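Work out the full structure, taking the sequences as your base and the hints as a guide.
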Amino acid sequence: MDASTIEMVETRRLSLVPLAVEDAEEMAGVLGDPALHTYIGGAPHSAQALRARYERLVAGSPDPSATWWNWVIRLREEDRLAGTVQATVTATGRGHAAEVAWVTGTPWQRRGIAKEAACGLVAWLRGRGVHTIRAHVHPDHHASAAVAAAAGLAPTAHRQDGEIRWELVDSP
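Residue numbering for the sequence shown follows the working numbering, starting at 8 and increasing by one per position.
Simulated from the structure, these hints should not be mistaken for laboratory data.
The model shown is predicted, which means the values in this text are computed figures rather than measured ones.
Heads up, a few of these hints could be off.
So the derived label-pair ranges between C-beta atoms look like this [unchecked claim]: (1) Q55 - G100: 13 to 21 angstroms; (2) E32 - G169: 30 to 38 angstroms; (3) D70 - R166: 20 to 28 angstroms.
Glycine included, C-beta positions come from ideal geometry on N, C-alpha and C.
Pasting the structure below:
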């Protein structure tokens with residue numbers, strides 16, 4: 008897998024646009040609510056800190072066995088950004104596996120945006136031969152669990168850092 012193969016993903020209402028450093032300013036506003044960190048910890052990044060982070064993400068993984076794919080979620084009708092989705096893809100003995108994550112800014116929550124974006128991401132990954140897709144969800148984060156379920160992932164007994172591993176595994 009190669010990070011340069013990332014492309015825009017279209018869903019009914021959304022465009023998942025490959026992340027660009029220039030997105031940092033708008034995304035600082037989208038991700039600026041401290042409540043977004045309730046389950047993941049930390050605090051919102053300033054536009055400058057987000058720019059530095061995006062520079063690292065766009066440069067790609069320093070680990071040659073991992074590929075980072077990152078998108079911003081653009082609401083086409085409103086022509087504005089509303090969140091992000093991401094996938095870290097690694098080779099396994101059976102092909103490729105991806106760890107995925109999503110976040111939607113507070114003003115755009117409860118509109119099905121995270122669900123639509125995550126479903127689009129999972130479909131895109133499966134179309135590229137990724138056979139295992141995982142997400143880690145805090146056990147009290149019911150909205151994120153609903154997104155994972157809608158994207159076809161199911162909870163497992165595995166826990167990591169207090170979060171539940173959700174997983175979708177295709178047959179080889």
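Results for each hint:
1. Q55 - G100: 13 to 21 angstroms: About 42 angstroms separates the Cβ atoms of Q55 and G100, which means 13 to 21 angstroms is violated.
2. E32 - G169: 30 to 38 angstroms: holds (33 angstroms)
3. D70 - R166: 20 to 28 angstroms: Since D70 and R166 have Cβ atoms about 24 angstroms apart, the given range 20 to 28 angstroms holds.
Of the numbered hints given earlier, the model fails hint 1 alone.
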